[in-house]
Every structure is written in structure tokens, then in C-alpha cells.
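Number of protein chains: 2
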Amino acid sequence: MRKILICFAYKGTNYSGFQKQPNKVTVQSVLEECLNKVLKENVSIVASGRTDAGVHALKQYAHFECENKISLDKLPTALNTFLPPDIRVYFAKQVDSLFNARTSAKTKTYMYVFCKDKIINPMLCDMVTKLDYQIDIDVVKKCMEKIKGTHNFKAFCSSKTNATSFDRTIYDFSLEEKQNYLIFKISGHGCLYNMVRIIVGTIIDIARGRLNISCIDEMFKTGNRGLGGKTVDGKGLYLFDVKYN
Amino acid sequence: MRKILICFAYKGTNYSGFQKQPNKVTVQSVLEECLNKVLKENVSIVASGRTDAGVHALKQYAHFECENKISLDKLPTALNTFLPPDIRVYFAKQVDSLFNARTSAKTKTYMYVFCKDKIINPMLCDMVTKLDYQIDIDVVKKCMEKIKGTHNFKAFCSSKTNATSFDRTIYDFSLEEKQNYLIFKISGHGCLYNMVRIIVGTIIDIARGRLNISCIDEMFKTGNRGLGGKTVDGKGLYLFDVKYN
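Chains as they are written, first to last, in the numbering used here: chain R, 1 to 245; chain D, 1 to 245.
The set of hints was computed from the structure by calculation and includes no laboratory data.
Any given hint could be a false lead.
Because identical chains share one entry, a pair is satisfied inside a single copy or across any pair of copies.
[Unchecked claim] Using 27 Å as the maximum straight-line C-alpha spacing, the simulated DSSO-like pairs for lysine-lysine come out as follows:
hint, residue 1, residue 2
1, 243, 221
2, 74, 130
3, 93, 20
4, 185, 3
5, 74, 116
6, 59, 116
Please model the entire structure based on the sequences and the hints provided.
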């Protein structure tokens with residue numbers, strides 16, 4: 001039995017998120033189906049984490065165990081032959097039996113992309129979120145400083161979560177302004193359900209004057225989701241990278 | 001009755017081409033449905049030309065006549081409210097009664113995009129064609145010179161055409177190499193059915209050594225489609241711009 005790690009990417013538009021669900025087409029269900037075809041055995045994959053419907057991954061990782069002795073150099077090409085073009089496997093490598101794609105992940109980086117164009121180029125309609133408001137970038141940066149560090153992020157988490165502990169650490173949070181695009185990158189050990197989308201949505205609502213910046217401290221203190229901004233659209237969100245030791 | 005010209009763009013992936021067809025979702029059918037909703041009258045649009053299934057338009061034009069007196073500054077926003085995000089209207093302006101979006105077009109420019117990456121980024125899976133072969137760029141450029149000018153393009157036209165005359169003029173044909181992308185731009189007064197895709201496909205087949213460059217002259221001489229290369233995929237093709245006087 002080998003334990004194999006694959007690195008892959010996907011455009012989330014046509015999937016009901018990453019995780020397998022009955023009667024839904026998900027990235028996991030399509031990947032497992034293709035692995036079963038190529039390896040001729042039933043494998044279950046464990047990814048670094050889930051992504052929601054419409055959310056993309058530029059670099060995602062998953063492990064699985066299998067008996068098949070296929071060359072790991074050939075596995076990506078074999079899988080890509082069966083996979084739809086919106087899921088691509090970049091490489092596969094053997095990992096030791098203690099490795100776990102989810103629990104061994106040290107840092108996950110997410111990217112959130114807004115476009116300030118009055119009319120979004122239809123070629124990008126699944127890939128960016130329209131920023132319809134005038135926002136104060138200095139306020140955005142002040143909010144980002146507040147988010148960094150270790151906090152109780154319960155107020156930045158969907159009520160649909162199964163999590164029981166809400167303390168999370170944000171190592172890094174950057175903003176790039178490039179032409180008419182605003183690109184956030186946020187890195188942490190792990191994120192709660194909808195956490196990045198609620199953080200970004202709350203910052204935008206503060207920076208456009210709908211909420212006061214003090215709400216961030218209040219959210220950390222009270223855990224009250226109702227004090228925050230909206231959950232921004234999944235289509236602007238990307239799992240950007242995952243780092244392992 | 002005003003005659004109105006609209007400029008719009010679309011991602012062709014989810015449409016059975018531009019032109020209205022029974023029981024198919026096309027760009028024209030969706031646009032006309034939204035115009036009818038906004039204008040509260042039945043209008044038919046005439047575009048600069050059709051595009052095939054999966055083909056995109058960065059700038060497409062169409063005219064229609066209507067009684068409704070809506071401000072033309074407000075029409076694009078009104079339409080974009082009803083249109084799906086993969087079709088966007090940029091502007092509307094009144095044109096004189098002799099103007100025709102199809103017959104008044106002086107130059108149409110198409111773009112064809114290949115990507116040489118071994119694995120295509122899934123975010124671009126609907127937008128570029130994978131170039132799987134080593135090609136000789138000098139040969140590509142020689143072929144492009146042969147295509148320019150006025151020729152009988154019957155051999156570069158799908159047999160499904162309704163055209164009766166096949167003489168067309170290519171004013172300009174350029175190639176840009178940008179990182180791992182090959183970007184062709186081809187301008188002419190008008191193009192036959194599948195003409196750009198057959199021209200590009202034939203050039204690639206010559207530049208990878210599957211066909212001899214002399215086939216281009218033979219194709220012009222004989223009108224025999226069978227002498228040419230394959231029709232490359234629609235997803236790499238864009239209507240790039242249309243010029244009117």
C-alpha cells in the first residue's frame with residue numbers, strides 16, 4: 001500500500017464545492033471517479049481542506065492510499081486524460097504513512113479578487129467579484145492589521161460550521177492593487193467555514209462606510225456573526241497555495 | 001422608430017453559438033429576450049456576423065429598431081441587469097436608417113489564442129486551445145504571408161456554408177508570442193464559415209510538418225477543403241473587434 005499525494009487545480013464554477021455530497025457533482029467526486037478508473041481500485045482522497053461552490057483552487061493537495069503500482073510520473077497524465085479540463089493534476093509523489101494532506105498542512109493561503117470595472121469583462125465573469133462601491137484603502141489596510149494574529153474567529157464563521165474551537169491564526173494578510181483589480185492574500189494555519197469571505201466582506205463594508213471599524217474588535221469579543229459584513233461571493237475566492245513541512 | 005446599435009461582449013462557452021436556433025440557448029436568443037423585457041416590444045437584432053458554439057466576442061455589434069424612447073445612456077445598465085454575466089452590453093447609440101451592423105462593417109478582426117503549457121491552467125480551460133506540437137515559427141510566418149491578400153477561400157470554408165462567393169480579402173494577419181501563448185490576429189472584410197479556424201489549423205499542421213506549405217496555393221487553386229489542416233477548436237477563437245466607417 002502506497003500513500004500518494006497529488007497536487008491539482010480546479011475552476012470551481014461548475015462544481016457544488018470540493019466535498020463529496022449525494023447527487024451533486026463535486027471536485028472530490030469527479031477526482032475519485034477518475035482515480036478509480038485509472039487505478040482500477042476504489043480510493044478515497046483526503047484534501048488539505050474543502051472549498052465552497054464556485055470557489056477555485058490554483059494549488060490544492062490531497063492524499064490517498066492505493067495498491068496499484070503505476071509510475072507516479074505517469075499518473076498526472078493518465079488522470080488528466082479522464083478529467084474534465086476544469087480540473088488538472090500537476091504532479092503526484094509518494095509520502096510516508098504519517099503524512100496527512102489535511103492535518104500536515106502548515107499554511108494555507110487564499111486569494112480574493114475584486115474588479116472595480118463598471119462592466120466586468122464576460123471572460124472573467126466566474127473569476128472575480130465586482131466591487132460596486134467606493135472604498136477607503138487606508139481603512140482597508142487598518143482592518144487588515146486588526147485581523148492578523150491569533151483571535152477567536154467565531155463571528156467570522158458560517159453558522160453551518162461543525163467546528164467546536166474558533167481560535168485561528170492569520171500569519172499574513174496582504175493587498176495588491178493592480179490596474180482595476182484589488183487582490184487580497186490571506187495566510188493562516190487553517191480557516192473556518194466561510195471565514196475568508198466574511199473577513200473580506202466585513203472589511204469592504206467598513207471601508208465603504210456601512211460599518212464602523214470597531215466592529216472587528218466587537219466580533220472577536222462577542223463571537224456575534226451579526227455584527228459583521230456580508231459573505232462575499234465565492235467566485236472571487238481562490239485556494240492559492242498550501243505549504244507542508 | 002429609432003435604429004439603435006449596441007456594442008457587447010460575450011463568453012461563448014455556454015451558448016450554441018450566436019445565431020438563434022430552435023430549442024438552443026444562443027447569444028442572440030438571450031439578448032433578444034432581454035431587449036424585449038427592457039423595451040417591452042419585440043425586437044430582432046442583426047449582428048456584425050455569427051460566431052460558432054464556444055467562440056467568444058470581445059467586441060461585437062448589433063442593430064435593432066424600436067419604438068421605445070428609453071435613454072440610450074441607460075439602456076446598457078438596464079440590459080446588463082437582466083443579462084447573464086457572460087454577456088455584457090458596453091454602449092448603445094442611435095444610427096441612421098441606412099446603417100446595418102452586418103453590411104456596414106468594414107473590417108472584422110479575429111483573435112486565436114494557443115497555449116503551449118503542458119498542462120493548461122483550469123481557469124483558462126474555455127479560453128485557449130492547447131498547442132500540443134512543436135511548430136516552426138518561421139514556417140508559420142511564411143504561411144501567414146501567403147494567406148494575406150485577396151484569394152478564393154473556398155477550401156478554407158466549412159461545407160455547411162450557404163455562401164455562393166468565396167473571394168475574401170485578408171488585410172492583416174499578425175502573430176504575437178507572449179510567454180507561453182501564441183496569439184494570432186486576422187483582419188478582413190468578412191470571413192466564411194469556419195474560415196479563421198481552418199486557416200489557423202492548416203498553418204499549424206504545416207508548421208508541425210504534417211502538411212507541405214504548397215498546400216495553401218493548392219487550396220486557393222482547387223477550392224478543395226480536403227487538402228487543408230484540421231479545424232481548430234472554437235474555444236481559442238475570439239471576435240476581437242469590428243470597424244465601421
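Verification of the hints:
no. : hint      : verdict
1   : 243 x 221 : neither (30 Å within a copy, 60 Å between copies)
2   : 74 x 130  : between (40 Å within a copy, 19 Å between copies)
3   : 93 x 20   : within (23 Å within a copy, 49 Å between copies)
4   : 185 x 3   : neither (31 Å within a copy, 48 Å between copies)
5   : 74 x 116  : between (42 Å within a copy, 20 Å between copies)
6   : 59 x 116  : both (26 Å within a copy, 20 Å between copies)
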